[in-house]
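Enquirer: Listed below, chain by chain, are the residues.
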Amino acid sequence: MSEEQDMITDIEVPINLKYNFTAGAAATRFLTQVKKGVLTGQRCPECAQVYIPPRGSCPACGCATEEEVELADKATVQSFTIVSIPIPNNPIQPPYIIANLVADGANISFLHLISECVNEDVHIGQRVQAEWKPEEEWTHAMDNIRYFKPIDEPTVPVDMIGKLPVTGLEG
Amino acid sequence: MSQPEVLNQEFTLGYTYTRSTGPVVGRFLTALKNRSIVGIKASDGRVIVPPMEYDPDTAEELSEFVEVGQEGEIVSFAWVKEPREAHPMDKPFAWAMVKLDGADVPMIHCVAADREDSLATGARVKAVWAEETVGFITDIRCFELV
Numbered sequence: 001m002s003e004e005q006d007m008i009t010d011i012e013v014p015i016n017l018k019y020n021f022t023a024g025a026a027a028t029r030f031l032t033q034v035k036k037g038v039l040t041g042q043r044c045p046e047c048a049q050v051y052i053p054p055r056g057s058c059p060a061c062g063c064a065t066e067e068e069v070e071l072a073d074k075a076t077v078q079s080f081t082i083v084s085i086p087i088p089n090n091p092i093q094p095p096y097i098i099a100n101l102v103a104d105g106a107n108i109s110f111l112h113l114i115s116e117c118v119n120e121d122v123h124i125g126q127r128v129q130a131e132w133k134p135e136e137e138w139t140h141a142m143d144n145i146r147y148f149k150p151i152d153e154p155t156v157p158v159d160m161i162g163k164l165p166v167t168g169l170e171g
Numbered sequence: 001m002s003q004p005e006v007l008n009q010e011f012t013l014g015y016t017y018t019r020s021t022g023p024v025v026g027r028f029l030t031a032l033k034n035r036s037i038v039g040i041k042a043s044d045g046r047v048i049v050p051p052m053e054y055d056p057d058t059a060e061e062l063s064e065f066v067e068v069g070q071e072g073e074i075v076s077f078a079w080v081k082e083p084r085e086a087h088p089m090d091k092p093f094a095w096a097m098v099k100l101d102g103a104d105v106p107m108i109h110c111v112a113a114d115r116e117d118s119l120a121t122g123a124r125v126k127a128v129w130a131e132e133t134v135g136f137i138t139d140i141r142c143f144e145l146v
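These protein sequence lines map, in sequence, to chains S and G. Mapping of the first sequence onto full-length UniProt numbering: position 108 corresponds to residue 108, and the numbering continues sequentially without gaps. Mapping of the second sequence onto full-length UniProt numbering: position 41 corresponds to residue 41, and the numbering continues sequentially without gaps.
Everything hinted at is true.
Calculated lysine to any residue pairs in the SDA-like style (CA-CA distance at most 20 Å, straight line):
(1) Lys-33(G) x Ile-8(S)
(2) Lys-18(S) x Asp-90(G)
(3) Lys-35(S) x Asn-8(G)
(4) Lys-18(S) x Tyr-15(G)
(5) Lys-18(S) x Glu-85(G)
(6) Lys-18(S) x Leu-7(G)
(7) Lys-18(S) x Thr-12(G)
(8) Lys-36(S) x Asn-8(G)
(9) Lys-18(S) x Thr-16(G)
(10) Lys-126(G) x Pro-92(G)
(11) Lys-149(S) x Glu-135(S)
(12) Lys-18(S) x Met-89(G)
(13) Lys-18(S) x Tyr-17(G)
(14) Lys-163(S) x Glu-67(S)
(15) Lys-33(G) x Glu-12(S)
(16) Lys-36(S) x Pro-53(S)
(17) Lys-18(S) x Glu-10(G)
(18) Lys-35(S) x Gln-9(G)
(19) Lys-99(G) x Ile-48(G)
(20) Lys-18(S) x Leu-13(G)
(21) Lys-18(S) x Pro-88(G)
(22) Lys-18(S) x Glu-82(G)
Chain S is faced by these chain G residues, among others (derived, beta-carbon under 10 Å):
(23) Tyr-17
(24) Val-25
(25) Lys-33
By construction, these hints were calculated from the structure, which means they are not laboratory data. Here a beta-carbon is modelled for each residue, glycine too, at the ideal position from N, C-alpha and C.
Turn these sequences into a full structure, and let the hints guide you.
Expert: Pasting the structure below:
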């Protein structure tokens, strides 16, 4: 074989960062509730914003947040991305949708998947609901919810997203 | 409201990178696979190991490869008392700047030694090759005292 063919042209240099993640008090409360199939936020005593997942303080005011608010498992699409390119080691096969969703009763979005939908029909303001795994599979993790799927409710006007009560647009 | 015990979990964040070596680093790695070490000649005549693609002073493209020796001397070193999992050795060792014979700048690699005080700046070391070489820096398993 010629030297040209033997030449090293690329190298595999994987990076693996090992973490020990400690949830902290607020996230622990949140995940303990998620294990029971309940989404909870915390309300800021100063500005009244409800955060999910709660971090124990309000990022806007800096106040400690303690009051817990049980939220619906219905949400509104705030923004979304249709992922078409596979990511190494990600078990989810594209195309799939990852979205910023605002749960009813919350003011801030969280990231989750949208499925059981026509990807091209997904839109901002769309109403979705959690598709939970079977109860016996629930752990301290947001993937107790497999994904959110569209429900037959009217689209939420953009300026109302993040301002719905726990009972939703029509409640 | 009762506070549950705070949750804790280990996890690994992993990225699968494949890096293009380019013709210069590629040549260095190819040489390692063949159990030799090459540097490159800079505009001022210095031999730089591992080879650089561009001259550090003039920024000119460099291309004159030079094979250097497999022995050299320790320019400086730091003793690692408690190796971590990612380290190349599972017993205490040194990270060292080793100036190979024929090279004008030192390169960093690990040096195996029984004790820290057996090492010194100026000490002579030689490359120990891995049983199987693949074209990676770990083809030089370590350096050890001559």
